[in-house]
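Chain P: place on chain F using the hints.
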Amino acid sequence: MTTGAEAARAGDTFPKLLLRNATKFAGKPAMREKDLGIWQTWNWEDVLDEVRAFSVGLSELGIGPGDKVAIVGDNRPRLYWTMAATQALGGIPIPVYQDSVADEMIFALKHAGVKCAVVENQEQVDKLLEIQEKYKAITDIIYCDPRGMANYDVKGVQAFNEVQDTGRAVMKANGDRESQWLEQIAKGGPEDTAIILYTSGTTGAPKGVVLTMGSVVWAAKVANEFDKLDVNESVIAYLPMAWVGDHVFSYAQSYECGYCVNCPESPETVVEDRREIGTTYAFAPPRVYENVITLTMVQMEDASSIKKKMFDYFLGVARKVGEKILNGEPVAFTDRIKYALGEFLVYGPLKNRYGLSDVRVAYTAGEAIGPEIFRFYRSLGINLKQLYGQTEAAVYVTNQPDGEIYADTVGKTLESIEIKVDDNGEVLYRSPGVFKEYYKNPKATKETKTKDGWVHSGDAGFIDERGHLKIIDRAKDVGKLKDGTLFPPKYIENKLKFYPNIQEVVAFGHGRDYVSCFINIDLTAVGSWAERNNVSYASYQELAGHPDVYAMIEKHVEEVNRELAGEERVAGAQIKRFLILHKELDADDGEITRTAKVRRSFVAERYAPLVKALYDKKKTNQHIKTEMTFEDGRKGMIEGDVQIRDMQPAPPQAMKEAAE
Amino acid sequence: MSAAENLDPAPEVLLDIQNVSLSFGGVKAIRDVSFNINKGEIRAIIGPNGAGKTSMLNVINGFYHPQEGTITYKGTARHDMRPHVAATQGISRTFQNVALFRGMSTLDNIITGRTLKMNKGLFWHLFRFGPAEKEELEHREFVEHIIDFLQIQAIRRTPVGRLPYGLQKRVELGRALAAEPELLLLDEPMAGMNLEEKEDMSRYVLEVNDQFGTTIALIEHDMGVVMDLSDRVVVLDHGEKIADGTPNEVKSNQDVIDAYLGVAH
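As you go down the protein sequences, you meet chains F and P in turn. Letter by letter, the first sequence follows residues 1 to 660 of this note's numbering. Letter by letter, the second sequence follows residues 1001 to 1265 of this note's numbering.
Careful, some of the hints might be misleading.
[As the list claims (entries may be wrong)] Taking lysine-lysine and the DSS-like style, the derived pairs with C-alpha atoms no more than 30 Å apart in a straight line are: (1) K1134/P with K34/F; (2) K1198/P with K635/F; (3) K436/F with K228/F; (4) K1198/P with K34/F; (5) K555/F with K625/F; (6) K1198/P with K583/F.
Quick caveat, the hints were computed from the structure, so don't treat them as lab data. Just so we're clear, the structure is a prediction, and the values are computed from it rather than from any experiment.
Only chain F is shown next, with the shape it has when bound in the complex (with noise of 0.2 Å):
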């Protein structure tokens, strides 16, 4: 047991680390899954005793270094296993997003080189099954569910604990098993490939970026650091395990402090999950917080009069004073007690509904968070916070430290990393954790990664008096109107974004005349809108078109037009026309990305001939006819008239009397 021994010391390896903490975290939970409605716990012991069956038993499959293992499903823990199951072995996971559907799954498994692949259930076995018709390397497919499993009599084809079972018997009948299985986790270094994560790519085919062991374990290292995050904290995995946040949130950091990750019963129980568990550290793009806001105003629109009142003056109290509070600044006496008051009253069981109570630190990361939508969680009392990070980086550029919380930066970089702008305003950085290449593609390598280890990260940006950096749009996306003005689109669609019945927005305006957008409605907030008010509909469709849901959308626009005109920048770039969108903008049609990002050129060609109506003054409504998929992939067609609005800026000026 020696080598065990020492390997677990040096914990330079996602293996490592888990020796090390079977005999350091000893009978600390590790994992924890909800089934049958109850939490099941694996302590670390366990949790080593289960990869280890199992990476035993995919040797006796024939995987060895260097192999690669498509992980593909929803966070479960069997799959967090595999990462360590195939690492073990020199072997590097794949994690696939898992709602892919086949064909787009296909480019990366075939890119990889993918032998084996380990699903979640029958449904991703089908999937799998396809696959293997066009792309017949892939020998071993293993699921971690049988449910519905029982009829499939296919070569290769086998369940979870079939292989754990093999394992284990193999270590029974051969006591030097287990040793070889250490000496071959003693021999993995920090430059052993940990992983190679596919990227969504807003633009052209993904890119697998490949992280060494030395790059996640180190970032793992400093986020916990940073944050001061210990083995008692305890989080939520909800998110693709095939995004680079994912993985190093639920898997790396968890490997490193010994923290304990949970998997929810399904992905639509997630909200009741959190609460059950408190989560204390939590990681989400900014769609989750948006959603949990138009989910509470939604209901409280149904809420009765008193406590809508009690709602909106407590709400009131927290954007004036809840802020400071948090951030440890003077507040008056009285002030004080309202919002004590209001933590009784409002904050507290709100926070409690969405879990949240118990979180210490909660980041944003992934896209840029409306500044409206930041302070009402900060204001609450939740210590929200933004970071900058990128798959290229294994997530890490820039954390914004406590007490420095502004909501329009992302905040100062981590201990060695270095940060620069270039000439073109492009942010690029340089840390232990960056990637090593693009697998099987120089090229993309020599154009984002430069000899001396800068990585361009395509965001503009700059670093401002306070040293924080603030990232103001991709850096090929900031436009400039025909007239010069400035035009960051990103800026204008979070502005809509923040009114609940507004899901999406994409502003054009790059070489133009003047700002248009269109704009997806909310459904679970305009239907419900509708509901009460009593206007029937059929389909999204319908109530995008419907008169007064384009009057509210109207006026939505017409306020944000007034906030732009307040901000001399950005003031010529007010909203001249919209329109709203007939159907809504969806990853299977490949509209945004698995991550919910707008794939902007992607929808401005797909709808071209709205793009044309809007810069056509004589148009007041466009025929589209749209193909769109289908949850399992089959397609369909979409038509109908979109009407367009013209809004009236009225000059900055006015406008600024107006605001006030």
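Leaving out everything else, chain P in the frame of chain F:
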């Protein structure tokens, strides 16, 4: 996926309906209909509106008592069924119009399906103590398996009155399954559902049949669903049986085509 190929050469008959007639006053709802349901099959009952399909299910489950004919269930011949006899002997059903306890949660609704399996007396249950607690835990576990099976974990504690229609239908199926039925009667399980919900429901029906070996009799209007799911189909029109056979036989039967296209009688 059709179970036709795994049927035994001589399938065991679970339920046999012989010359059943049912009338309400002068209205003859069912006239001299005979057919049987084999163990382990999915049997569809189809027909135009007012053909007597739901009446037939009501006869099977003992809600209506036919004036003529016999019903043989598991080898015992009866003139008519009694609902409680039907229930204790393993027949459970869902309804055309969802009939759940609207104010109760999904979990509680499904647990009601276990009522007949609870043996401990009122006294024990009053205090939820000793054997009653053990029994309740066992039932709860069983119900959790059903919740898992139907993938309705997210609505476990939601009052069913607040659920969309498609989910209510699923909860109702869950309640019927909770009774561990041998014969499951589904009255238009997919009515009013969209394509995706129908696909889900079809999958559950197949899986129930496949995994638990439950015999299923279903009424359905969507011909695509009927043709895909069922092993055998019986067609009723104006209370009479006009065809009986495999989906393909039924599909090419001229009487059936006429009945559906509305040829004058």
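Hints, one by one, checked against the model:
Annotation: proposed proximity of K1134/P to K34/F holds, straight-line Cα distance about 21 Å (limit 30 Å). The hinted pair formed by K1198/P and K635/F meets the criterion: a straight-line CA distance of about 17 Å does not exceed 30 Å. Between K436/F and K228/F the CA atoms are separated by roughly 28 Å; this keeps the pair inside 30 Å, and the hint holds. Proximity of K1198/P to K34/F is assessed by CA-CA distance (about 28 Å); at most 30 Å being required, the pair is judged to hold.
For the hint pairing K555/F with K625/F, the CA-to-CA distance comes to about 28 Å; that is within 30 Å, so the pair holds. Straight-line distance between C-alpha atoms of K1198/P and K583/F comes to about 22 Å, which keeps the hinted pair within the 30 Å bound.
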